[in-house]
Structure formats: structure tokens, C-alpha cells
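Work the whole structure out from these sequences, hints included.
Protein chains in written order, with my numbering: chain A, 1 to 507; chain B, 1001 to 1137.
Derived by calculation from the structure, the hints in this document are not laboratory data. For every residue, glycine included, the Cβ atom is placed at its ideal position computed from N, Cα and C. Certain hints may be false.
Said to hold, decoys possible - Here are some, though not all, of the chain A residues that point toward chain B, as calculated from beta-carbon distances under 7 Å:
| # | residue |
| --- | --- |
| 1 | Pro3 |
| 2 | Trp23 |
| 3 | Gly54 |
| 4 | Pro55 |
| 5 | Arg60 |
| 6 | Asn63 |
| 7 | Pro65 |
| 8 | Gly357 |
| 9 | Leu393 |
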Amino acid sequence: MQPLLASPLLIPLATAAMTALLWSRPVAQRVASVAGAAALSIATILLLLEVAGGPPLVGRMGNWPAPFGIVLVVDTFSAIMLAIAGLKALAVAVYILGSGRASRDRRGLHPLFHGLLFGVCGAFATGDLFNLYVWFEVMLIASFGLLVLDGTRDQVEGGIKYVALNLIGTSFFLIAVGLLYGLTGTLNLADLARTVPTVGNQGAVAAIGLLILVAFGAKAAVFPLFSWLPAAYHTASMPVAAIFAALLTKVGVYAIIRVFTLVFGYDTGFFGPMLTVVAMATMVTGVLGAAAHYDVRRILSFHIISQIGYMLVGVALMTPLALAGSILYIVHHIVVKANLFLIAGAIKREGGSFALGRLGGLWAAKPLLGLMFLIPALSLAGLPPLSGFWGKLAVIRAGLEAEAWLLAGVALIVGLLTLFSMVKIWNEAFWKPQPNPHPVIPLGRMARFGTYAPIAVLCVLTMTIGLWTEPFAALSVAAAEGLLDHDAYIAAVLGPVQAATLTETTP
Amino acid sequence: MKPTLILRSSSALLLWCLVAVSVYVLLRGHNAPGGGFIGGLIAAAGVAVYAVSRGRAAALRMLRLHPAALCGLGLLVAAASGLPAFLDSAAAYLTHRWWFPDVGIQLPLGTPLLFDLGVYLTVLGTVTAMFLSLVEK
Chain A
1 MQPLLASPLL
11 IPLATAAMTA
21 LLWSRPVAQR
31 VASVAGAAAL
41 SIATILLLLE
51 VAGGPPLVGR
61 MGNWPAPFGI
71 VLVVDTFSAI
81 MLAIAGLKAL
91 AVAVYILGSG
101 RASRDRRGLH
111 PLFHGLLFGV
121 CGAFATGDLF
131 NLYVWFEVML
141 IASFGLLVLD
151 GTRDQVEGGI
161 KYVALNLIGT
171 SFFLIAVGLL
181 YGLTGTLNLA
191 DLARTVPTVG
201 NQGAVAAIGL
211 LILVAFGAKA
221 AVFPLFSWLP
231 AAYHTASMPV
241 AAIFAALLTK
251 VGVYAIIRVF
261 TLVFGYDTGF
271 FGPMLTVVAM
281 ATMVTGVLGA
291 AAHYDVRRIL
301 SFHIISQIGY
311 MLVGVALMTP
321 LALAGSILYI
331 VHHIVVKANL
341 FLIAGAIKRE
351 GGSFALGRLG
361 GLWAAKPLLG
371 LMFLIPALSL
381 AGLPPLSGFW
391 GKLAVIRAGL
401 EAEAWLLAGV
411 ALIVGLLTLF
421 SMVKIWNEAF
431 WKPQPNPHPV
441 IPLGRMARFG
451 TYAPIAVLCV
461 LTMTIGLWTE
471 PFAALSVAAA
481 EGLLDHDAYI
491 AAVLGPVQAA
501 TLTETTP
Chain B
1001 MKPTLILRSS
1011 SALLLWCLVA
1021 VSVYVLLRGH
1031 NAPGGGFIGG
1041 LIAAAGVAVY
1051 AVSRGRAAAL
1061 RMLRLHPAAL
1071 CGLGLLVAAA
1081 SGLPAFLDSA
1091 AAYLTHRWWF
1101 PDVGIQLPLG
1111 TPLLFDLGVY
1121 LTVLGTVTAM
1131 FLSLVEK
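Take a look at the structure:
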């Protein structure tokens, strides 16, 4: 049990270390990278099977007792996020085989990639607020390295914006952590869930909650803190952009959902309306930004922002159905969005450009690629029977049930505008004739396999979630119930006996 | 700028002195000021003196492993130091385990020392990698 609990951290760490050890042997690095990603995805799926529906698994690192040491807590929600992160890691690791240039291997692509996964998995698994901050930093360092990997002028410029804005976000987080510790004397999430509602000075708690919302909101790229994302993502190489799109902002969303259900969940009257407004504004600004652009990468980047809004609906409404919808939406989004970035890379290789104006005729030249684009694109827009439909359906229905008419209406309209952007890519890149024909260099066998195998697998997964929704929906509902069951979480981390004695001794 | 004869001939001696001190600092770190981080910094200072006086290539030759690989090795050692905890099925990752071999006096050996050794190698590798990229190519 304990080895399985630690494995989502140990496997990426060991893989990062192994690939660093093999620094001067790029081929061996690639093998180690794919093997590590495969091991991670198997371990996280085993962990999900172990945890799903049951009480959270808790590991007290170094056997330090719960509120004092650092704990790893994996409940159903964490396990879902870890499993999907493992899956993405494998897809992108294989994709790198097809598209990675050898120069990237020599600049440390693989150690940084697994370092990023280490940070992401750590953030999903930790049960301690300060430890979460540390994982954010691990992610930030690794992602900066990945972003500027090719060392072009664009990348350095985007990277500096990315780091500067994210550093501001993390310093807000650090300030909030310090204030919260001063107020409660603990940073263990379970212990915070127990003590924060009883703090006398609720005004200070609300202020800290806002600071944390700003910090996580900057990570998650919500309105109005999203400007780092479109400034940076389109400069990254495609495998890197895919893993960023799949995981980075979702860590912010995960942190918002975790902290604002567990710690600040008792005060929905204050945070609920605020999160509702943020969610709506995020959806609308993202989709409008995408509508204005004519570069595949920029359109996709803005759509990430728009989709983040849907994921916040759950925590804004705080009903079990809304949370389950958000979780289903996150799973769908991670599968689909990373796939679209991988497809953007394939479009660039086959069509020679990211700019819609210079693309064309791909439907005639590469019908299979067209089909593989349509599945995630229409899924993103929420057309039945693809995965996005069920995610949107659950979110909108939760909005209607909670009588949040405006929220549900905005979610519907934004879905329509998403379809507009996707159809725009389709019309320009695939349908219209090629404006300036150029010789296409056919891909080698390895490159073709590496590029198309992950795309095809993710397409099948999208279809599976769409057509056989039952298990995924059941898992999301179980995760949502786990999120709202604070007592089970607290008891699992602190232990029923210990929780009781602590309450007695606390003045 | 050419390094002086004195610096060139004493750099190897300085390197080994600093490595010896760094190992001492690493070992005393368990209960007194010191440990893997500061030990790794001292060792990296030794490598830096060597690189300044004899050049980047000579320093890389002397290290045998690429600094990034050294960093990876350190991470592996540190991560592995937590694994013996799993010998006890109830214990969580990183739980300490100790041996007390009797060689005249009782030597307190344990997984924390292994962890510190990992930190030592990681810091040595990282600082050396940063420094060597700044030394003239």
C-alpha cells in the first residue's frame, strides 16, 4: 500500500534522475523516458483502482505524526488526476519520439519533462499546504526550462513573461500560507479543515482565502490573471505545449477545488458568487480571444482559458452534481486538449505552418489526420456523443438545478463559440485549397508512429468516454462525494482518536 | 588571463583538501552544523578552483561524470534512501532505518546519511554544472 502511494512521486523522480545520469546518451534517455512514463501510468491506474470510492489513502512521510509531518493524501479525486497525468505523460513521451529534435534531448528535455511530472504528481498527492507550494515551485522551475528549451528569441521572451507572472502568483501563495499559519498554527489540509471554521477572526480568513484564490487563479489562468498563458504557450515546442496544456493549469484548478471545498468550503456564501463571476468571465474572455486569432497554437491556448471556466462551476456552486461535472470535465479536457496540441504539431509537420492563412488542403492530402482532428475538436465544442458533451451537460444541468440561470446560459453560448473556432481551424487548415503548394517531406516510420499513435489512442479514449460514460461518470460522482465528505478526509489523515485528543488540548 | 604557476600547481592539492573537508562536514552534519548541502558546496568550490586554474576541459575530465549526470546520481541515491522503509510494511516512505555496527565504537549508520550523500552529490553536480557553463569554453 505505502509503496503504491509513494510511486507517483518516486517514478518520475527516479526517471528524471536516470535520464540525467544518461546525459550524454540521447537514445538511452528516450528509452528511459518512455519506460518511466509507462511505469507511472500503470502505477497511477493501480492506485486509482485501490482508492476509488473508498476512504483516502494516507502516507505519513518519515513516520512523523499527521499535523506535524508532511502527509501524502490520495482520495478518489487525487487518484483520478494522477491517473490522467500518468496517461498524458505516456502519450507525450511517445510523441517526443516522433517529433523531438536531437538537440532538445541534449539540452535536458527528458530530465525536465519528468521533473515537471514529479511536481505535478506531488501537487496532486500532497495533503499539506506548504508542501503544495513546494510542488508549485518544482513545476515552475521545470516548466521554465522546458519552455525555453530551443533557446529562440520568442521562447525566451515568452518564458520571462511566464516566470514573472507566475512568481507573482506564488508569492501571493507564500504570503497567504504565512498568514494562515499565523492564524491557525497548522498547514496540514485536514487540520486546517478542522480549525479554520472555528477561527474567531473570520474577516482575516476571508482575506487569506482571497489571496489563495489569486495565487491559484494565476496558476489556473482564470480571468483576469490569464495573460501569461497566451504569452508563453504558443512559443513552446509542441510536445511541451501539449503537456503544459494538459497539466499545468489543471494543477491550479485542482488546488482551487481542493482548498475551496476542504478548507473554505463552509463559507460558500462569500466565495460562491465570486467564483461564479470568475468562472463566467473566464469562459467568455477565453473564447472571444480564441475567435480573434488565426494561429492554431494561439487559438488552442485561448481555448484552455475558456475551458477553465467550466471547471470552476463545480466549486462555485458546491453541489455534488456540479463538482462531479467539473471533475468529468477536467478528465475530458485533459484528454482532448493535449490531443489537439499534438494534432497541431502534426498539422505543422504535414502542412508546414501553424498560421491558418498558409495552411490548406489537408483534408485531401491527409484524410486520417482530418478525422483525428474532428473527434477532439467537436468533443471540445461539446457535440454528442463525444466526451465533451457529457461534461458540459453535467455542468449546465448543475447550473440549472442550482438556479444559476446566467451561468448555465453563458456556458451554453460559450460552447457554441467554441464550435465556431474549431470550425474555423477545420475550414482553413483542412477544407480550403492549399494556397501555396510546397514539397512535403514524408515522415519516417518512427516519426509517423510517434506522432500518430498517441493521437489515435487519445481519440479512442475520447470516444470511449463519450459512448461508455457510465464508469467515468460514476467515478466523478464518487470523487465529488469524497470532496464534500470532510469528516472522512480529516479522520483518514488525523485518525479518529488523535482528532479527538487534539480538539481537547487545543485552547 | 593566464593563471599563475602557484595556482596551477596548488589547485590539485586544494581540491583534495576541500573534498576532505566537505566529507568531514557531510559526516558531522547529522547532529551538528553541516550536512550534504553545505558539504556539496565546499566540494563544488574545490572543483571551481580546479576549473579556473586548469580550464573547463580538465575539470570535466577529472570529474569523469558529466555534472548533470552527477546531479541525477545524487537524486537517485537520495530517493533510494527512502526505500528501505518499505521493509516494514506499515511504514511510510522515508521512515528512518538504522544499523549500529560495532567497530571498537558503535557507528550510527542509517538511511539519513544516505539521503545526505544524495543531497551532497546533487548540490555538487548542480553547482558545478552552473559554474562550468560560466567558465570560458
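Tested hints:
The beta carbon of Pro3 (chain A) is positioned within 7 Å of a beta carbon in chain B (closest approach about 5 Å), and the interface hint is therefore held. Annotation: Trp23 (chain A) was flagged as interfacial toward chain B, and the flag holds, the nearest CB pair being 4 Å apart, inside 7 Å. About 18 Å separates the beta-carbon of Gly54 (chain A) from the nearest beta-carbon of chain B, more than 7 Å, and the hint is not met. Taking 7 Å as the C-beta cut-off, the interface hint given for Pro55 (chain A) is violated, the closest approach to chain B being about 16 Å.
With a least beta-carbon distance of about 5 Å to chain B, the hint placing Arg60 (chain A) at the interface is held under the 7 Å criterion. Annotation: interface hint on Asn63 (chain A) holds; nearest CB of chain B at approximately 4 Å, less than 7 Å. For Pro65 (chain A), the shortest C-beta to C-beta distance to chain B is roughly 11 Å, which exceeds 7 Å, and the interface hint is violated. The restraint placing Gly357 (chain A) at the interface with chain B is violated, with a minimum CB-CB distance near 40 Å, outside the 7 Å limit.
Because the closest C-beta pair between Leu393 (chain A) and chain B is about 41 Å apart, greater than 7 Å, the hint is violated.
The structure shown violates the earlier hints numbered 3, 4, 7, 8, 9.
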